[in-house]
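Chemist: Take a look at the letters that make up each chain.
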Amino acid sequence: MGAASLHILYFAWLRERLGLGEESLALPEDVDSVGTLIAWLRRRDDRFGAIFAEGRLVRCAVNQEFAGPDTPLADGDEVAFFPPVTGG
Amino acid sequence: MGAASLHILYFAWLRERLGLGEESLALPEDVDSVGTLIAWLRRRDDRFGAIFAEGRLVRCAVNQEFAGPDTPLADGDEVAFFPPVTGG
Amino acid sequence: MARVVVQDAAFDVGAEFAALTAGRCDIGGIGAFVGTVRELSGGQRLAAMTLEHYPAMTAAALARIAAEAERRWDLLGCTVIHRVGRLEPGAPIVLVLAAAAHRDAALAATGFLIDWLKTKAPFWKKECFADGAAHWVEARAEDDAAAARWSEPD
Amino acid sequence: MARVVVQDAAFDVGAEFAALTAGRCDIGGIGAFVGTVRELSGGQRLAAMTLEHYPAMTAAALARIAAEAERRWDLLGCTVIHRVGRLEPGAPIVLVLAAAAHRDAALAATGFLIDWLKTKAPFWKKECFADGAAHWVEARAEDDAAAARWSEPD
Numbered sequence: 001m002g003a004a005s006l007h008i009l010y011f012a013w014l015r016e017r018l019g020l021g022e023e024s025l026a027l028p029e030d031v032d033s034v035g036t037l038i039a040w041l042r043r044r045d046d047r048f049g050a051i052f053a054e055g056r057l058v059r060c061a062v063n064q065e066f067a068g069p070d071t072p073l074a075d076g077d078e079v080a081f082f083p084p085v086t087g088g
Numbered sequence: 089m090g091a092a093s094l095h096i097l098y099f100a101w102l103r104e105r106l107g108l109g110e111e112s113l114a115l116p117e118d119v120d121s122v123g124t125l126i127a128w129l130r131r132r133d134d135r136f137g138a139i140f141a142e143g144r145l146v147r148c149a150v151n152q153e154f155a156g157p158d159t160p161l162a163d164g165d166e167v168a169f170f171p172p173v174t175g176g
Numbered sequence: 177m178a179r180v181v182v183q184d185a186a187f188d189v190g191a192e193f194a195a196l197t198a199g200r201c202d203i204g205g206i207g208a209f210v211g212t213v214r215e216l217s218g219g220q221r222l223a224a225m226t227l228e229h230y231p232a233m234t235a236a237a238l239a240r241i242a243a244e245a246e247r248r249w250d251l252l253g254c255t256v257i258h259r260v261g262r263l264e265p266g267a268p269i270v271l272v273l274a275a276a277a278h279r280d281a282a283l284a285a286t287g288f289l290i291d292w293l294k295t296k297a298p299f300w301k302k303e304c305f306a307d308g309a310a311h312w313v314e315a316r317a318e319d320d321a322a323a324a325r326w327s328e329p330d
Numbered sequence: 331m332a333r334v335v336v337q338d339a340a341f342d343v344g345a346e347f348a349a350l351t352a353g354r355c356d357i358g359g360i361g362a363f364v365g366t367v368r369e370l371s372g373g374q375r376l377a378a379m380t381l382e383h384y385p386a387m388t389a390a391a392l393a394r395i396a397a398e399a400e401r402r403w404d405l406l407g408c409t410v411i412h413r414v415g416r417l418e419p420g421a422p423i424v425l426v427l428a429a430a431a432h433r434d435a436a437l438a439a440t441g442f443l444i445d446w447l448k449t450k451a452p453f454w455k456k457e458c459f460a461d462g463a464a465h466w467v468e469a470r471a472e473d474d475a476a477a478a479r480w481s482e483p484d
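Protein chains in written order, with my numbering: chain A, 1 to 88; chain B, 89 to 176; chain C, 177 to 330; chain D, 331 to 484.
Think of the hints as simulated: they come from the structure by calculation, not from any bench. Nothing here was measured: the structure is a model prediction, and the numbers come from that model. No residue lacks a Cβ here, since even glycine has one placed at the ideal position from N, Cα and C. Be a bit skeptical, because a hint or two may be false.
Claimed, not checked - So the derived label-pair ranges between C-beta atoms look like this:
hint, chain 1, residue 1, chain 2, residue 2, range
1, C, W326, D, D404, 20 to 30 Å
2, A, F66, C, A239, 41 to 51 Å
3, A, W40, D, G462, 30 to 40 Å
4, D, R416, C, A317, 43 to 53 Å
5, D, A349, C, F305, 27 to 37 Å
6, C, R240, D, G462, 40 to 50 Å
Can you make the complete structure from the sequences, with help from the hints?
Modeler: Set out below in structure tokens:
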């Protein structure tokens, strides 16, 4: 049995700031939602701390649907972080 | 000096009902507005009486601008009578 | 300056759109409306619609409506084409295009143009049905109400 | 069924209009909106706009928005095309078409589609200026307000 994992995508200024478009992550034990994932990323690396700082407008989608801090995460989920959309 | 005259146009069901698309008229002495013209036409001919009967929706333009009963008429004016418009 | 046309022939939506926007870099949005002949009218099958108009008045009336839209929304361009004559089901009747710096103005002007055109331009529709009957279309109270939305306080 | 496309290439407004209406006699009106790249942004001259998106999510998000419009206004057809990649001033970015039996529905659905697309579809614009500066466009409160107009009571 393989370890539980997440696939994470970053778009627009988040991607540029991080120098990272996507990554795969072995799901940490204390991460079970978008909110706990953000807390874990902030602890991992200062760059994430800056990106998810208080008041920064970062949106999230889980498996290609808009999600909030309480949205649960499970093995194999695709999580995307991005700024408010500006198409059209 | 020629007699004062009006050119009158009829559209849509008015034209069909009258069997008449346009006519020129020597301006009668007691006609000086759209309202007095309509009264004169009704006296002249029963077909006009039916067309301008109470409650019939007939619109008018004088010299290609929408007009009302009080709009004055003068020598050489073009007067048009038609139903409420239905284009678009 | 608006482009205002009354014609028998069909219009080319793509060509009109291209003409309105060619070489322009100041436009942010273009709103459009095309009205077409529906085959069913009051449950009856239409053979054709005939559009009559008042030629000496029509072009001026359309130009006045377009100028009013340009004034209210600061348009960067505007096109109004209305067909006359015999039109069969499916045929396009009218085209309205409005270009502006922002989409709100473009879309509002598009709605205004078609609402005013329907109540202030001298066109009349006659419906000819498949069974041979024919009648002049009556003006709709909804169209007057739609046009009245755009009235300005004095 | 709506036609929903994300592409690099320009779209052909006339061809999309023709495809939506071909052979149809039940349509009474088609509303349209095209968004284009403006050269001036905040007083600065744009060299190009780059549109990034989230490919795995975009088509589904657009299809969901189109399905919502079809449900609310009983549309007879609907097209949404959004470009991505590098676009120069004057270039078309997005096309929305909505066909219905009556003009009110066609025009309302057109406004709804572009308002929701601007706030619910995963696209991001980056402006590259003639002087070499570049920045990501920030979401506008007006766009959120425009989208909120269409929210339905629970």
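Chemist: Next, verify each hint and record whether it holds.
Modeler: Cross-check of the supplied hints:
1. C:W326 <-> D:D404: 20 to 30 Å: With a Cβ separation near 25 Å, W326 (chain C) and D404 (chain D) satisfy 20 to 30 Å, so the hint holds.
2. A:F66 <-> C:A239: 41 to 51 Å: holds (47 Å)
3. A:W40 <-> D:G462: 30 to 40 Å: holds (38 Å)
4. D:R416 <-> C:A317: 43 to 53 Å: At 50 Å between Cβs, range holds.
5. D:A349 <-> C:F305: 27 to 37 Å: For A349 (chain D) and F305 (chain C) the Cβ distance comes to about 30 Å; the hint holds.
6. C:R240 <-> D:G462: 40 to 50 Å: holds (48 Å)
Going down the numbered hints, you'll see the structure goes against none, and every one checks out.
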